[in-house]
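*Asks:* Single-letter residue listing:
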Amino acid sequence: MIFFYKPGDILLYLLLAAGSLFPLFVSTDSNQTSTLVEVSAGRSQSQLLSRNSDSTYSFPTFQLQIKSGSCRIINSTCSDHLCEKMGWLDSSSSGRIICLPHKIIIKNKFNKPDAVDEISE
Amino acid sequence: MKSLNNQTMTYQTRVFRIALFSALAAILQILESYISLPLPFFRIGLANAIILLFVIKKDYLTAFFITLNKSLLGSFFTGKLFSVVFLLSLSGSITAVMLMILMFQLCHKLISVNMISISGAVVNNLVQYFLFIQLYDKTTDFSLSYISSIIIIFSIIAGWLIALTVYHLEKLTANLKF
Numbered sequence: 002m003i004f005f006y007k008p009g010d011i012l013l014y015l016l017l018a019a020g021s022l023f024p025l026f027v028s029t030d031s032n033q034t035s036t037l038v039e040v041s042a043g044r045s046q047s048q049l050l051s052r053n054s055d056s057t058y059s060f061p062t063f064q065l066q067i068k069s070g071s072c073r074i075i076n077s078t079c080s081d082h083l084c085e086k087m088g089w090l091d092s093s094s095s096g097r098i099i100c101l102p103h104k105i106i107i108k109n110k111f112n113k114p115d116a117v118d119e120i121s122e
Numbered sequence: 179m180k181s182l183n184n185q186t187m188t189y190q191t192r193v194f195r196i197a198l199f200s201a202l203a204a205i206l207q208i209l210e211s212y213i214s215l216p217l218p219f220f221r222i223g224l225a226n227a228i229i230l231l232f233v234i235k236k237d238y239l240t241a242f243f244i245t246l247n248k249s250l251l252g253s254f255f256t257g258k259l260f261s262v263v264f265l266l267s268l269s270g271s272i273t274a275v276m277l278m279i280l281m282f283q284l285c286h287k288l289i290s291v292n293m294i295s296i297s298g299a300v301v302n303n304l305v306q307y308f309l310f311i312q313l314y315d316k317t318t319d320f321s322l323s324y325i326s327s328i329i330i331i332f333s334i335i336a337g338w339l340i341a342l343t344v345y346h347l348e349k350l351t352a353n354l355k356f
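Protein sequences appear in the order of chains A and B. All residue numbers for the first sequence refer to our numbering, where the first residue is 2 and numbers rise by one. All residue numbers for the second sequence refer to our numbering, where the first residue is 179 and numbers rise by one.
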């Protein structure tokens with residue numbers, strides 16, 4: 002059917018497949034685990050929270066629950082509550098929890114592979 | 179005098195079309211905002227079917243104005259006018275419609291309407307995602323983020339659904355005179 006298929010489509014399908022698979026192959030931090038959660042709201046300074054102990058942090062517009070190394074948003078004051086539906090963010094995930102109405106991004110803080118841990122003299 | 183009348187009629191017809199289909203697209207966008215899908219932030223974007231319909235009818239100006247009006251009306255009635263959501267929606271939609279027009283104009287003999295629809299959906303969602311990251315989270319390394327993969331995969335599904343809708347819409351409106 003001309004509406005649904007023409008020869009040039011194959012090239013674009015290949016391009017889209019490459020574009021969608023590229024980040025999965027390039028990702029190097031899949032085995033890394035994070036001990037810190039970075040909470041940033043808009044353009045203000047981001048905040049680092051430890052995920053080692055189970056606790057609930059209160060922010061003006063939402064609460065962040067940390068349990069067994071994973072974290073999630075609860076009791077958000079936004080209208081759609083999509084951020085709550087995004088569920089848990091575990092310590093090895095490179096994903097993020099985003100609340101668009103409140104401009105909040107929650108993600109894991111990983112150490113870069115080439116970062117210097119300690120300098121000895 | 180006759181040509182002036184014809185010109186006025188064409189102008190009036192276009193205004194009528196833009197108004198009618200902008201309202202339809204805005205209604206679709208508003209209704210879709212109330213449908214909860216398993217994945218947050220994922221929208222099919224059925225309103226884009228109307229825009230694509232005018233792109234394949236080569237009425238590019240109407241398609242462009244419907245895009246603008248759809249974002250304005252949709253955001254106004256959902257209470258998000260001039261918010262970040264509106265800015266992202268508008269920029270994504272404009273980029274997508276420009277791409278669809280360019281693809282259809284330059285290579286419609288090589289590429290199907292389905293692929294044009296998929297490309298529009300992918301670009302729409304990726305532009306919104308990258309713009310949001312640029313505005314609020316500049317530290318993100320795109321190569322490490324699998325979110326863009328998910329966006330592309332679901333945009334392909336959305337593009338397919340939109341193309342299917344346009345296919346039926348085109349058959350329905352083939353003999354329709356405004």
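Hints may be right or wrong, so weigh each one.
In silico negatives: residues of chain A with every beta carbon more than 10 angstroms from chain B [claimed, not checked]:
id, residue
1, Ser21
2, Asn76
3, Ile99
Straight-line alpha carbon distances no greater than 30 angstroms define the calculated DSS-like cross-link-like pairs of lysine-lysine that follow [claimed, not checked]:
id, chain 1, residue 1, chain 2, residue 2
4, A, Lys7, B, Lys287
5, A, Lys110, A, Lys86
6, B, Lys287, B, Lys236
7, A, Lys86, B, Lys258
8, A, Lys104, B, Lys258
9, B, Lys235, B, Lys287
10, A, Lys86, A, Lys104
11, B, Lys236, A, Lys7
12, B, Lys258, B, Lys349
13, A, Lys68, A, Lys104
14, B, Lys235, A, Lys7
15, B, Lys349, B, Lys236
16, B, Lys235, B, Lys349
17, A, Lys7, B, Lys349
18, A, Lys68, A, Lys86
19, A, Lys7, A, Lys68
FYI, nobody ran anything at the bench for these hints, they're computed from the structure. Please read these numbers as outputs of a predicted model, since none were measured by experiment. Ideal Cβ placement from N, Cα and C applies to all residues, glycine included.
*Asks:* Work down the list of hints and note, for each, if the structure agrees.
*Replies:* Here's how the hints hold up against the structure:
In this structure A/Ser21 is not separated from chain B by more than 10 angstroms, as the shortest Cβ-Cβ distance comes to only about 4 angstroms. The non-interface label for A/Asn76 is consistent with chain B: the shortest C-beta to C-beta separation is roughly 17 angstroms, beyond 10 angstroms. The Cβ of A/Ile99 sits about 7 angstroms from the closest Cβ of chain B, inside the 10 angstroms cut-off, so the non-interface label is violated. At most 30 angstroms may separate the alpha-carbon atoms for a hinted pair to count; A/Lys7 and B/Lys287 meet this at roughly 8 angstroms.
With a CA separation close to 22 angstroms, the supplied pair A/Lys110 and A/Lys86 stays within the 30 angstroms bound. Our distance criterion of 30 angstroms between C-alpha atoms is met by B/Lys287 and B/Lys236, whose separation comes to about 14 angstroms. For a cut-off of 30 angstroms, the pair hint linking A/Lys86 to B/Lys258 stands: about 20 angstroms separates their Cα positions. Using a Cα cut-off of 30 angstroms, the hinted pair A/Lys104 and B/Lys258 holds, with the two alpha carbons roughly 14 angstroms apart.
This hinted pair checks out: B/Lys235 and B/Lys287 have alpha carbons roughly 15 angstroms apart, not beyond 30 angstroms. A threshold of 30 angstroms between alpha carbons decides the hint, and for A/Lys86 with A/Lys104 the separation of about 16 angstroms falls inside it, so the pair holds. Restraint check for B/Lys236 and A/Lys7: satisfied, since their Cα atoms lie roughly 19 angstroms apart, inside the 30 angstroms limit. Between B/Lys258 and B/Lys349 the CA atoms are separated by roughly 35 angstroms; this puts the pair beyond 30 angstroms, and the hint is violated.
Distance check on the hinted pair: A/Lys68 and A/Lys104 sit about 24 angstroms apart at the alpha-carbon level, within 30 angstroms; holds. For the hint pairing B/Lys235 with A/Lys7, the CA-to-CA distance comes to about 18 angstroms; that is within 30 angstroms, so the pair holds. At most 30 angstroms may separate the alpha-carbon atoms for a hinted pair to count; B/Lys349 and B/Lys236 meet this at roughly 16 angstroms. Pair hint B/Lys235 plus B/Lys349 holds up; C-alpha atoms about 12 angstroms apart against a cutoff of 30 angstroms.
In summary, the hint linking A/Lys7 to B/Lys349 is supported, as the alpha carbons are separated by about 19 angstroms, within the 30 angstroms threshold. Proposed proximity of A/Lys68 and A/Lys86 is supported: the alpha carbons are some 17 angstroms apart, at most 30 angstroms. Simply put, A/Lys7 and A/Lys68 have alpha-carbon atoms about 51 angstroms apart, too far for the 30 angstroms limit, and the pair is violated.
Consistency note: the structure conflicts with the earlier hints numbered 1, 3, 12, 19.
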